[in-house]
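Per our numbering, numbering through the sequence shown is continuous, rising by one, with the last residue being 360.
Please keep in mind that the hints were generated in silico from the structure rather than gathered at the bench. Please note: incorrect hints may appear among the correct ones.
Below are the DSS-like pairs computed for lysine-lysine, each with C-alpha atoms no more than 25 Å apart in a straight line [what the hints assert, rightly or not]:
1) K159 / K173
2) K131 / K75
3) K55 / K75
4) K248 / K75
5) K42 / K159
6) K248 / K78
7) K296 / K316
8) K76 / K92
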Amino acid sequence: MENSKEMRTWLDNFGLDHPLVIAGPCSAETEEQVLKIAHELKDTDVTVYRAGIWKPRTRPGMFEGVGAIGLNWLKKVKEETGLMTTTEVANKDHVKLALEADIDILWIGARTTVSPFIIQEIADALCGTDKIVLVKNPVNPDLALWMGGLERLYTADIKNLGVIHRGFSTYDKSKYRNNPEWQIAVEFQNKFPDIPLICDPSHIAGRRDLIFDLSQRALDLNFDGLMIETHWDPDNAWSDAKQQVTPKRLTEIMKSLKIRKKTTDEAGYQTQLETYREQIDDTDQLLLDALGKRMKIAASIGKIKKDNNVAVLQNKRWSQILNTMKIEGEQRGLSEDFISRVFKSIHQESINHQQKVING
1 MENSKEMRTW LDNFGLDHPL VIAGPCSAET EEQVLKIAHE LKDTDVTVYR
51 AGIWKPRTRP GMFEGVGAIG LNWLKKVKEE TGLMTTTEVA NKDHVKLALE
101 ADIDILWIGA RTTVSPFIIQ EIADALCGTD KIVLVKNPVN PDLALWMGGL
151 ERLYTADIKN LGVIHRGFST YDKSKYRNNP EWQIAVEFQN KFPDIPLICD
201 PSHIAGRRDL IFDLSQRALD LNFDGLMIET HWDPDNAWSD AKQQVTPKRL
251 TEIMKSLKIR KKTTDEAGYQ TQLETYREQI DDTDQLLLDA LGKRMKIAAS
301 IGKIKKDNNV AVLQNKRWSQ ILNTMKIEGE QRGLSEDFIS RVFKSIHQES
351 INHQQKVING
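From just these sequences and the hints, can you work out the full model?
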């Protein structure tokens with residue numbers, strides 16, 4: 001994907017003076033529901049209307065979508081409101097039906113992105129299409145897998161591409177349904193700066209009260225757009241009720257979001273910025289020095305454990321360290337979640353160093 005600039009053409013052609021907004025219900029439930037929401041979104045910043053037709057659920061017995069009949073409702077949305085339409089496709093049969101219904105944008109969900117076999121099946125079914133295809137990040141934080149999905153589509157001569165960041169599943173307790181892991185999205189941007197990057201704050205949050213803050217964070221990180229689940233009666237939605245907002249609330253969110261400039265020519269800006277960046281560079285070097293010193297100490301501890309035939313992992317000691325660091329971190333304005341993730345990584349690296357010593 002050397003020439004990623006061509007993948008941005010579809011978004012540039014929209015000619016928007018604001019980030020792209022994709023909105024609509026998690027699931028198409030009834031024709032009345034789909035059309036009612038669409039008409040309420042018609043004269044807002046929303047460009048694309050979304051609705052799940054086929055809903056892959058974690059467990060059987062839950063609402064799994066109305067099926068192909070919902071595609072006819074999306075055709076009516078386009079006819080009556082002029083909004084573009086999008087839905088998720090998870091196999092070649094979905095692709096065929098969506099193309100027949102002239103759905104404008106197809107997205108590939110997180111559960112599908114994890115399977116190169118299914119991605120290839122979808123790529124083959126879409127081969128040569130001029131449709132816009134958006135790929136959600138895989139369920140787990142695997143940048144290579146995410147990129148691989150795009151590459152399979154690109155190889156199938158699909159050039160109108162983009163990605164959706166919807167966060168990642170985790171066993172750790174978090175206020176989010178899916179941890180944002182913003183650094184992975186930033187790394188994707190660094191590798192492919194011209195591929196449109198859209199944030200799905202609804203799936204990251206899992207709660208409607210977090211959507212504004214996540215949306216603002218995404219725009220601050222230069223995301224190109226937002227996909228926000230919107231329902232006229234969220235509390236009674238047939239799927240993901242807690243994370244959907246009303247069209248009125250969506251409009252409030254859009255009006256409140258601040259779009260930052262990527263750069264500025266104002267006098268003194270670059271000088272001030274470079275001063276602080278130099279300070280960050282110096283601090284990062286000190287962090288590396290401290291981490292290197294810590295690992296040397298860990299290796300020394302490993303030698304003592306080896307000499308005394310003691311197990312590497314000492315759970316009581318580790319719990320004490322983590323709890324202490326959370327308290328110390330809070331006093332320094334650092335979140336518990338951040339401290340937990342940082343020190344779990346440090347602890348794992350320390351274990352690695354000790355195992356190298358113990359195992360010779």
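Right, here's what the structure says about each hint:
Of the pairs offered as hints, the one joining K159 and K173 is violated, with about 39 Å between alpha carbons and a cut-off of 25 Å exceeded. Between K131 and K75 the CA atoms are separated by roughly 16 Å; this keeps the pair inside 25 Å, and the hint holds. The straight-line distance between the Cα atoms of K55 and K75 is roughly 19 Å, inside the 25 Å bound, and the hint therefore holds. For the proposed pair K248 and K75, the alpha carbon gap of about 24 Å is at most 25 Å, so the pair holds.
The suggested pairing of K42 with K159 is violated, with an alpha-carbon distance near 28 Å, which exceeds 25 Å. Of the supplied pair hints, the one linking K248 and K78 holds, its CA atoms being roughly 21 Å apart against a limit of 25 Å. Taken as a hint, the K296 and K316 pair is honoured in the structure, with Cα atoms around 22 Å apart against an allowance of 25 Å. As the CA atoms of K76 and K92 are separated by approximately 24 Å, the hinted pair is consistent with the 25 Å bound.
Hint compliance for this structure: hints 1, 5 are not met, and every other hint is.
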